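Place chains G, E and D with the ligands on chain L using the hints.
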Amino acid sequence: MAKLNLLQAINQALITAMTTNEKVVVFGEDVGHFGGVFRATSHLQEKFGKARCFNTPLTEQGIIGFANGLAAQGSVPVAEIQFGDYIFPAFDQIVNETAKFRYRSGGQFSCGTLTIRTPYGGGIAGGHYHSQSPEAFFSHIPGLKVVVPRDPYQAKGLLLGAIRDANPVLFLEPKRLYRASVCEVPEEDYAIPLGKAEVIQQGTDITLLAWGAQVEIVQRAADMALEDGVSCEVIDLRSILPWDAQCVADSVMKTGRLLINHEAPITSGFGSEIAARIQEQCFLYLEAPVTRVCGLDTPYPLAHEKEYMPDEFKTYEALKRLLNY
Amino acid sequence: MAKLNLLQAINQALITAMTTNEKVVVFGEDVGHFGGVFRATSHLQEKFGKARCFNTPLTEQGIIGFANGLAAQGSVPVAEIQFGDYIFPAFDQIVNETAKFRYRSGGQFSCGTLTIRTPYGGGIAGGHYHSQSPEAFFSHIPGLKVVVPRDPYQAKGLLLGAIRDANPVLFLEPKRLYRASVCEVPEEDYAIPLGKAEVIQQGTDITLLAWGAQVEIVQRAADMALEDGVSCEVIDLRSILPWDAQCVADSVMKTGRLLINHEAPITSGFGSEIAARIQEQCFLYLEAPVTRVCGLDTPYPLAHEKEYMPDEFKTYEALKRLLNY
Amino acid sequence: MNDRNHLGNVALTHDVRIIENGLLDIPMLAILDHEGQLYPDAIEPELSKEQALKMYHAMVYTRMLDERMVAAQRQGRISFYLACTGEEAAVVGSAAALSDNDMIMSQYREQGALVYRGYTSAQFMNQMFSNRLDPNKGRQMPIHYGDKALNFMTISSPLGTQIPQAAGYAYGQKLAGQEALTICYFGEGAASEGDFHAGLNMAAVLNCPVIFLCRNNGYAISTPAEEQFAGDGIASRGIGYGVRTIRVDGNDPLAVFSATVKARELALSLSQPVLIEAMTYRLAAHSTSDDPSGYRSKNEEEKWRLKDPIARFKTWLLNKGWLSNTHTDDYTKQVRSEILQALKEAEKVAINPIDDIVEDVYDSVPWHLQEQREALIAHIKQYPKRYPKTAGENN
Amino acid sequence: MNDRNHLGNVALTHDVRIIENGLLDIPMLAILDHEGQLYPDAIEPELSKEQALKMYHAMVYTRMLDERMVAAQRQGRISFYLACTGEEAAVVGSAAALSDNDMIMSQYREQGALVYRGYTSAQFMNQMFSNRLDPNKGRQMPIHYGDKALNFMTISSPLGTQIPQAAGYAYGQKLAGQEALTICYFGEGAASEGDFHAGLNMAAVLNCPVIFLCRNNGYAISTPAEEQFAGDGIASRGIGYGVRTIRVDGNDPLAVFSATVKARELALSLSQPVLIEAMTYRLAAHSTSDDPSGYRSKNEEEKWRLKDPIARFKTWLLNKGWLSNTHTDDYTKQVRSEILQALKEAEKVAINPIDDIVEDVYDSVPWHLQEQREALIAHIKQYPKRYPKTAGENN
Ligand SMILES: Cc1ncc(C[n+]2csc(CCOP(=O)(O)OP(=O)(O)O)c2C)c(N)n1
Ligand SMILES: Cc1ncc(C[n+]2csc(CCOP(=O)(O)OP(=O)(O)O)c2C)c(N)n1
Ligand SMILES: [Mg+2]
Ligand SMILES: [Mg+2]
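Going line by line, the protein sequences match chains L, G, E and D.
For reference, each letter of the first sequence is one residue, going 1 to 325 in our numbering.
For reference, each letter of the second sequence is one residue, going 1 to 325 in our numbering.
For reference, each letter of the third sequence is one residue, going 1 to 395 in our numbering.
For reference, each letter of the fourth sequence is one residue, going 1 to 395 in our numbering.
In short, the hints are calculated from the structure, not lab data.
Where hints are given, some of them may not hold.
[Claimed, not checked] Taking lysine-lysine and the DSBU-like style, the derived pairs with C-alpha atoms no more than 30 Å apart in a straight line are:
#1 K254/L to K320/G
#2 K50/G to K262/D
#3 K385/E to K306/G
#4 K385/D to K306/L
#5 K148/E to K344/E
#6 K298/D to K47/L
#7 K333/E to K320/E
#8 K320/G to K385/E
#9 K148/E to K306/G
#10 K314/E to K333/E
#11 K306/G to K348/E
#12 K49/E to K148/E
#13 K254/L to K320/L
#14 K306/G to K344/E
#15 K23/G to K50/G
#16 K23/L to K47/L
#17 K254/G to K320/L
#18 K314/D to K303/D
#19 K306/L to K381/D
#20 K381/E to K320/G
#21 K385/D to K320/L
#22 K389/D to K320/L
#23 K314/D to K306/L
#24 K320/E to K54/E
#25 K303/E to K50/G
#26 K344/D to K306/L
#27 K50/L to K54/E
#28 K23/L to K148/E
#29 K303/D to K306/L
#30 K320/E to K262/E
#31 K298/E to K47/G
All figures in this text were calculated on a predicted structure; none of them were measured in a lab.
Excised from the complex, chain L in its bound form (with noise of 0.2 Å):
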């Protein structure tokens, strides 16, 4: 098993994905002959020709109306969006056309075949406009996946699962990750199925809740609590929408208490479903209240990047919190 990056991960599983099934057609800005700007997509143009790997103009909304009648018709796209904070003039085709192209044909027509892939999220010095973690934002709307790996190894797995999901998937990936992130990967084909959270670290005293680049921060405040002899459960939530609530109150249920880290402001942040779902379906288990370690509800700042980050120090500190409710 080779050691890879999550951008080599993910080459992999298009590589793989374009190889087991001649219909997936990859594209985007910038993702032809050059392999895109993080390089996600490097090679893929040599090896599988510029009618599968191709160049589009400089067009979001172009690339994801194209995208859908792409998948309407029966291929299998997988578009990039460059970055995560330009999807927005993107969101009508995603909002009204993508998620609801199923539901108002009775089933006739879908995009189910559809997988966008854009980078997310901070830590990179990149501002507002090449930081943003726009999650939230997705998950409500119904008609659309939403994943979110957190190393190579899901990476490969779970693109792999997003691209012959029968539904359309917004792969998020963790962009402060690509380079950072090693782990072993396998060669072969394998997919991990959406849907369903990890329970990455087993533990009683409470539930610590992250999905992309926030999990190993978490997991690095459960290190910090460890020394104190407190033993938090760590939950990669994996897929945001549909999201494993179960899992969740399962976890909660034994623990008591629920802790939730994201990048993206706090305020209607992906966190405020999970804790509102969960207040509910776990209330009379709950010690203490479900409490969020997010941004804050500014716009991704520049200078101030490391004071805005929910970092293992801030987590930490809600989480000693918590236990002495």
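Coordinates of chains G, E and D with the ligands only, in the frame set by chain L:
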């Protein structure tokens, strides 16, 4: 004082705004000579000339882009998006431009004078493209304000408040009340400040929270409950962003129970933020979990509209469950 | 790596000469004049009697469907309707030039194309009454037809979204090696949307076999064309994208047919888009929610009534001896009763059972929608009188 | 109510003739040839020695700033930079034709316009080091300048968004009766965005006094122009919108200046938009994050280096006797040390205090942001070593 319907109240607010400030400019699809498809802008072009009230080409991203520039220049644009369902092509201009304009320039420039008006919501046999309630999307956009009136009196006062507020405001008009809601509206100029909820009925057993057209629904549920001897406190949230958490928390600390009603799909609807915040702030006061009675996680249906709606019967049943928790 | 030179063969000038509007003056293809007579130097398209009559029938059927359904809406039998009246030639004339394998992506005023493809009165009615026989399962407002078997993409209300989709669909057809293309209809109003720009440009750059057909009918609801754009219509834009373009008299079925035949030939053989701008007029109100007297004169409407595409086509058919007045009368009578019959039947059919409310959001119903459905069904059982359309089935 | 006739004076044709691409062949205004010699039949713009030198200085300054900051990025002193190299004439030549009251809305490669307006080295550096002297308060990545006093709109990264905004801004200027317009810069890549379409069309229909200046520099990051559009550049689109249009040699400062002077005159006197397509070449990498060797040849770059706008302008100025080589050398030396000095100073200035983190989201700080700020400050006090840049001030 004359009795006006909600459209007339809005029309009057626009006339007042344009009369008192010559920088106010009103535009959008069909708003000119025709006065808008709902006639909210009737006679404005006649009264104030074509330069200050005009039709735009059919492009929502253009309307808001144009409005952003006009606001930055110092005019006071009031842009209409014909249906809330068609605001999504403008999502990028709103998320990345309107809302970040002031922040990114360190306060040198802003879109603070901008108001975006749009009809929203169901109950008019409009199916999923004429019924959406998109407030939750906009509640996750720091820099924006979001306001929803419940009746003609509120509509006039809040719209004047929005136009004169120094921040960009999305003003969501409950279209099923356009002609259905009628009340006394003072002729004179008055503005209701943004960001404040209103307790419209005092009570002791449970707090019912809604906004826009759903206020009347929870009011009806409160009336049903009254027959059972249940005393409901009813709150109209009025502002979705920033929202009046203190008003809601004060009420919940008194009643011990909170029921939120909104039309939008439940998952990541704005109810989730309210529930998340209130369960945290009022944890020790809650006698039952915060509960949401909302739309289903589907596109807004046509044939099954009645079934989809979070109506008074669903609200009443949830209310009883909460009281017997 | 080629050495690219994006200046190509740009000519030089040393004069500061700004190109004024009006450089373009794109002529309009016309074969029949307003009276339905062939222009002297015009060439009739190759059109068999059979096909010509099929077109004529589709145009007449569409007109009658529109009349009947506008009335049905006034009677409160359906909630909404949107008529094609005055634009039948633009729609049917182009649809007739296609192969049945070609995908049709329409805006909402192209019911004539569906008629031409063989959509039945029952099918129209089931959609408009949102009943359980509607293939869209009653989920959309009236007139949002869709039929997979007929290669007619389900209509969606947001304007312009189908334009880049059509480019993508056509790209997929080409990739799959199909001898078929996509036609994409839209109004001159929708052409102001960003999606129009994206769709035409992408189709041109990515060599998609797609026909873009703009019905320039002078209005977008109340907004006249001169408040929609300042250029030479929509055709002049095609040239900017490097897209082959033709403007036709949209009230002349023969001109529209000829242009579309040619466009299809080019699009398929070159794998490239073609733009057709059909100049026409919306004789109808925008929809049953609209009253055009607020924004245009009767006089203007009258002028255009004289250019009626059906009358024009009829004259031509009569002159050719392919049609008789008795045939027209018989056909009209038959269609009228067929439509009325279908309407009455569809009206009686129930809506889909409540179980359906969470279907087709995803390929299968996920846990949270199952939960929501169960709660809803239980609630309806508790309040059967409040949900009369769906309570019965659950009792 | 007028009787509208959207067919206007459309000419008829009876021939199915599809308009092919290449109908247009828009020539390019050129005044100086590649060697900096006046074309024989070209007319020099009215340009004083003083203004010509101001332009030249701005171009040279821009080149040097770019060189210095690309190096600074390599040294790890700033995180990001984006150079104008090769495109100085397109930017400075147009900026020089404006009045100081005109609003400039740029994409991100137009630092030359700011230089021409008088932005100082210190101002550039404060922005790029995101320090507390930056008027944007350190909130944006390097190169996102903005200066209200200079009528230079703060840059935003999302491409194309400034295009409809410029139409709106210009509309406001007209409404306020100002004798000023807006110029809006963008790349040929950004022109693919839906916002481009919306902006140009709205400006044309709503009669906005705005100059749209497209720098067609052959690339959008790695994407060459021929994968961006299939028409005759961006100029051919202007005609489709009914917008007065001119194509110029973007490496010829005199041509760009002349075209912009004319465009400004027209835009203001007619209250209408004008589109300028400046044909140029991005000699630089897209940004410091980019390596162009992956998508273009050195050979191609070399060819364009020969068309260098600064060398060309210099020759013209030398020929005119307005410039000497010593002057150039002195100026270069002075600017180099000034830039370096400013860089060193800005580097030392602290970032804004942490209090600022919630400012300017709204006009005043609402309750929830006050709450969040208080919690954050308390947290930083608890972990001062973890937040070294902001902890000090709170101790
Ligand atoms: C994105 C979007 N914006 C607005 C509307 C509302 N609307 C429906 S039809 C229409 C006018 C369309 O005009 P045009 O494209 O010319 O088509 P026509 O009705 O003339 O056939 C408008 C504004 C919509 N459906 N979608
Ligand atoms: C909406 C949006 N999509 C994508 C990007 C990423 N991006 C930044 S620059 C660029 C290329 C722009 O090319 P062009 O407009 O030709 O300008 P140039 O760099 O050549 O000056 C891209 C794709 C962006 N900033 N905004
Ligand atoms: Mg129209
Ligand atoms: Mg470029």
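If you test the structure against every hint from before, which numbers come out violated?
23, 27, 29
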